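Under our numbering, read the sequence shown as residues 1 to 64, first letter to last.
None of these hints come from the bench; they were simulated from the model.
Do not take every clue at face value.
To be verified - Dumping the calculated EDC-like pairs for lysine to aspartate or glutamate here, alpha-carbon to alpha-carbon at most 20 angstroms:
| hint | residue 1 | residue 2 |
| --- | --- | --- |
| 1 | K19 | D54 |
| 2 | K12 | E25 |
| 3 | K56 | E25 |
| 4 | K39 | E25 |
| 5 | K15 | D54 |
| 6 | K52 | E25 |
Predicted, not measured: the structure shown is a model, and the values here were computed from it.
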Amino acid sequence: MPKFKPHTGTGKRVKVTGKGKLVTEQAGKRHLLEGKSSKVTRRMTGTVTVAKADTKRVKKLLGR
1 MPKFKPHTGT GKRVKVTGKG KLVTEQAGKR HLLEGKSSKV TRRMTGTVTV
51 AKADTKRVKK LLGR
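Full structure from sequences and hints, please.
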């Protein structure tokens, strides 16, 4: 049986907290920022939890 290899790209983008929640950076703050208001770009700072609909898929990619 082959070894199970978790998805390395997902491992770089998503962190697992002590309680098992999946945390990632807020999307939308990489480019095209001139058209977005300061209010919007401030709101995009920091980390957010992964959407409930995606948690099962992301955990599978991480090997959890």
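**Report entry** Indices of hints not satisfied (ascending)
**Finding:** none
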